[in-house]
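K.L.:
Chains as they are written, first to last, in this note's numbering: chain G, 1 to 404; chain S, 405 to 808.
Some clues are possibly wrong.
[As the list claims (entries may be wrong)] In silico DSSO-like links for lysine-lysine, alpha-carbon gap of 30 angstroms or less:
| id | chain 1 | residue 1 | chain 2 | residue 2 |
| --- | --- | --- | --- | --- |
| 1 | S | Lys463 | G | Lys381 |
| 2 | S | Lys749 | G | Lys259 |
| 3 | G | Lys259 | S | Lys463 |
| 4 | S | Lys600 | S | Lys620 |
| 5 | G | Lys384 | S | Lys463 |
| 6 | G | Lys59 | S | Lys429 |
[Stated by the list, open to error] Some, not all, of what chain G presents toward chain S, calculated at C-beta under 8 angstroms:
| id | residue |
| --- | --- |
| 7 | Ser5 |
| 8 | Ser7 |
| 9 | Leu30 |
| 10 | Asn38 |
| 11 | Gly65 |
| 12 | Ala109 |
| 13 | His212 |
| 14 | Glu256 |
[As the list claims (entries may be wrong)] Calculated from the model, a selection of chain S residues having no Cβ within reach of chain G, i.e. all distances over 12 angstroms:
| id | residue |
| --- | --- |
| 15 | Ser503 |
| 16 | Thr717 |
| 17 | Asp765 |
Keep in mind the hints are simulated off the structure, nothing from the lab. Beta carbons: idealized from backbone N, C-alpha and C, even for Gly.
There are 2 protein chains.
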Amino acid sequence: MIRFSSSVTNLRSSEIRDLMSLANKPDMILFSGGMPDNDLFPLREVDTIYQELTDTEKKIAMQYGPTHGIPQLLASLSEYLKEKGLPVEENRLLITTGSLQAINILAHAFIDPGDTIFVENPCFIGAISAFRSYQASIVSIPLTADGLNLIELRKKLDEMEKAPKFVYLTPNFHNPAGTLYTRETKLGLIELLKNKNIPLIEDDAYSDLYFHEEDKLHLQTIKSINPEGIDVCYTGSFSKILGPGLRLGWMLVPEEIYKKCELIKQSIDACSPSFTQMVAHKFLQNNVVTDYLNYIRPEYKHRAEIMTQLLKTTLPKGCNFTPPRGGFYIWIELPEQIDATAVLKRAIEKGVVFVSGKTFDPDGTRNNYIRLSFCNTSEEKIRKGIPLVVDSIRAEMELSHLPC
Amino acid sequence: MIRFSSSVTNLRSSEIRDLMSLANKPDMILFSGGMPDNDLFPLREVDTIYQELTDTEKKIAMQYGPTHGIPQLLASLSEYLKEKGLPVEENRLLITTGSLQAINILAHAFIDPGDTIFVENPCFIGAISAFRSYQASIVSIPLTADGLNLIELRKKLDEMEKAPKFVYLTPNFHNPAGTLYTRETKLGLIELLKNKNIPLIEDDAYSDLYFHEEDKLHLQTIKSINPEGIDVCYTGSFSKILGPGLRLGWMLVPEEIYKKCELIKQSIDACSPSFTQMVAHKFLQNNVVTDYLNYIRPEYKHRAEIMTQLLKTTLPKGCNFTPPRGGFYIWIELPEQIDATAVLKRAIEKGVVFVSGKTFDPDGTRNNYIRLSFCNTSEEKIRKGIPLVVDSIRAEMELSHLPC
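Kindly generate the complete structure, drawing on both the sequences and the hints.
P.N.:
Have a look at this one:
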């Protein structure tokens with residue numbers, strides 16, 4: 001009998017993962033993955049970057065770097081974030097191995113076993129597992145179409161004897177819900193958290209992937225609003241704007257929090273890959289990132305619109321979703337009686353796969369939602385796959401004698 | 405007042421790090437770093453690898469991969485490890501972001517706050533910080549020139565009410581001590597740990613860097629001996645045989661332990677960089693690794709011999725070291741009264757830097773040792789720097805009225 005730590009004794013592979021392995025067939029249409037399309041990666045740009053690296057730069061790429069990141073990337077990323085209005089000067093930047101590592105490190109910095117933290121419901125699955133691995137007691141606040149339900153947040157804050165260790169949110173193009181918080185919700189949230197000694201972790205992996213210039217006002221991150229009286233721990237990622245295979249993200253946090261996080265990172269992987277840091281640096285430095293974003297935004301927008309249109313015209317009554325204004329996902333609410341896992345099983349048989357709602361429920365109970373990713377599937381496959389998803393939903397609804 | 409978790413409340417930047425920042429001058433001779441020489445990296449080989457990557461391979465490199473590693477690297481690394489005699493078939497391989505992450509994940513898998521674990525004294529600093537970050541109670545067993553002091557190990561095992569959660573060891577070319585365990589020590593260790601339900605973490609970052617073919621018998625890893633009745637968790641790294649900037653290591657562990665570790669890794673960084681995994685895969689697949697090791701081994705051996713020779717002829721009486729038979733380090737014991745930090749301060753003034761012993765003492769007390777790295781300094785600089793180190797030792801000894 002191996003004596004594991006109590007934090008992992010109850011860790012289990014999720015049901016959804018087991019199911020997904022069934023979906024590992026060559027012709028399967030994938031609405032499941034939260035990753036960029038393989039065919040949209042900037043391969044030629046990366047080729048040019050590699051070809052132009054000097055031997056000195058290659059040596060830096062092969063060597064250990066400082067724990068917080070190689071100076072080259074710290075400088076170019078600082079510039080990039082400053083241009084987005086982030087308060088880079090008054091904070092510290094720490095390069096991490098994907099933004100999931102940033103979230104994990106922050107979890108380690110704040111959570112003692114049993115500590116309460118607040119998250120959205122639904123919530124990014126990676127964050128849930130990071131918080132669980134430090135044995136947090138996770139309290140979830142429902143999302144609305146405008147962002148976090150502030151009435152519920154206030155109620156939960158009033159109810160708690162001890163303030164939560166932090167609040168974790170994804171205000172811009174939420175995963176899985178696709179939600180863009182309105183500016184009003186962001187400002188209301190700031191009012192509620194002000195001077196309460198509750199840090200806010202703002203996960204901002206998707207905000208560069210907006211579809212509408214006119215959303216700029218709502219898109220402003222809470223970190224950029226730079227509210228007084230809240231320690232905002234801002235996390236970002238290269239996964240959606242360059243490539244997840246580089247495993248690079250960052251956190252921009254107040255000095256005192258940075259110091260602890262740097263020490264934690266030292267004990268996790270010493271530093272993030274210098275090799276990919278150098279590539280990301282050149283990508284920012286040569287301003288390839290702007291051109292690339294201008295190339296992928298309309299493509300993702302197009303896919304989202306195709307999917308939205310198909311769903312709007314074919315989804316049975318009782319199924320609802322908010323058309324996404326950016327990001328990677330459409331989040332469909334099914335009638336309460338419908339079990340998304342049953343729908344998923346049917347869909348897999350038909351040759352299409354997505355993620356069922358329970359996966360993203362911190363309480364692991366509500367399962368009448370499905371997440372469809374439009375990001376890594378071509379228009380042709382979207383047109384082929386969505387009817388199969390809708391058929392699967394309809395079949396489950398018929399089984400429940402629901403009108404559809 | 406930020407409410408950090410108790411695991412990080414007491415995390416402090418080490419004294420040695422602060423001192424090292426003083427040593428950050430352009431002409432400083434560095435005997436401090438445990439990293440390969442920048443000038444020895446296989447840059448042309450990596451160029452060829454990049455140039456020969458197909459677009460399909462580049463897409464894999466840019467994308468998320470499975471948590472345990474991309475299939476290409478898992479296959480080529482399995483072959484590499486099999487050739488080294490490791491029991492790959494009966495275990496599971498998990499690619500990690502540097503071998504430090506493998507150690508960190510194993511620590512997370514086993515340690516509850518307050519749990520006892522056993523390590524060597526001295527011990528790899530990265531492992532100490534990983535174990536501390538999970539609030540382990542660290543018990544250290546002294547190293548001898550032949551490896552772990554088995555008499556002390558047996559005593560400590562008998563003394564403990566509860567068995568330690570694991571024993572962490574670096575049997576081949578220890579960092580910092582340079583020690584190569586004798587085969588007898590390894591067999592004795594196996595006898596002592598057999599059927600005690602105490603997993604052994606065998607850190608094997610350096611065994612490819614042997615200087616003498618005739619050491620092969622002693623070099624056989626404990627994992628390769630494949631002892632019954634011990635769960636050996638074997639960790640390895642690409643940092644010393646390719647480049648640390650790739651941030652790639654691995655663990656080879658029994659299935660039950662693998663399952664927990666994979667779940668933990670999912671919550672840390674989802675997967676290691678596919679980009680560098682693809683490079684490492686090609687490095688193994690094309691067998692460039694063998695040629696490269698044949699190129700660097702004599703170079704490191706040469707540097708070790710130069711340093712050994714200089715130290716042998718100039719170190720004052722009362723200073724002792726075992727000439728290294730591989731790896732990166734020479735570990736010098738100074739007379740008990742001498743404080744290595746005082747020697748280091750003098751050395752930095754003279755333009756040379758190394759790491760003082762306390763850094764590697766899990767108890768943080770003994771400071772009459774210094775670690776000299778011969779790995780990333782040229783022969784010329786070794787010849788220039790060693791006299792400065794010896795002068796600094798001599799000056800401190802004179803101050804203590806020791807004959808020298």
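K.L.:
Now tell me, hint by hint, if it's right for this structure.
P.N.:
The hints, checked one at a time:
1. S:Lys463 to G:Lys381: Holds, at roughly 19 angstroms.
2. S:Lys749 to G:Lys259: 25 angstroms, holds
3. G:Lys259 to S:Lys463: Measuring from Cα to Cα gives roughly 36 angstroms; hence the hint is violated.
4. S:Lys600 to S:Lys620: 29 angstroms, holds
5. G:Lys384 to S:Lys463: 24 angstroms, holds
6. G:Lys59 to S:Lys429: 19 angstroms, holds
7. Ser5: OK, holds: G:Ser5 within 8 angstroms of chain S, min 5 angstroms.
8. Ser7: Constraint on G:Ser7 satisfied, holds at 7 angstroms.
9. Leu30: 12 angstroms, violated
10. Asn38: Check passed: Cβ of G:Asn38 comes within 4 angstroms of chain S, closer than 8 angstroms.
11. Gly65: 7 angstroms, holds
12. Ala109: 5 angstroms, holds
13. His212: 27 angstroms, violated
14. Glu256: Constraint on G:Glu256 satisfied, holds at 6 angstroms.
15. Ser503: 10 angstroms, violated
16. Thr717: Its Cβ never comes within 12 angstroms of chain G, the nearest being 32 angstroms, so this holds.
17. Asp765: Consistent with the label, S:Asp765 stays out of reach of chain G, its closest Cβ about 17 angstroms off (over 12 angstroms).
Against the hints set out earlier in the document, violations occur for numbers 3, 9, 13, 15.
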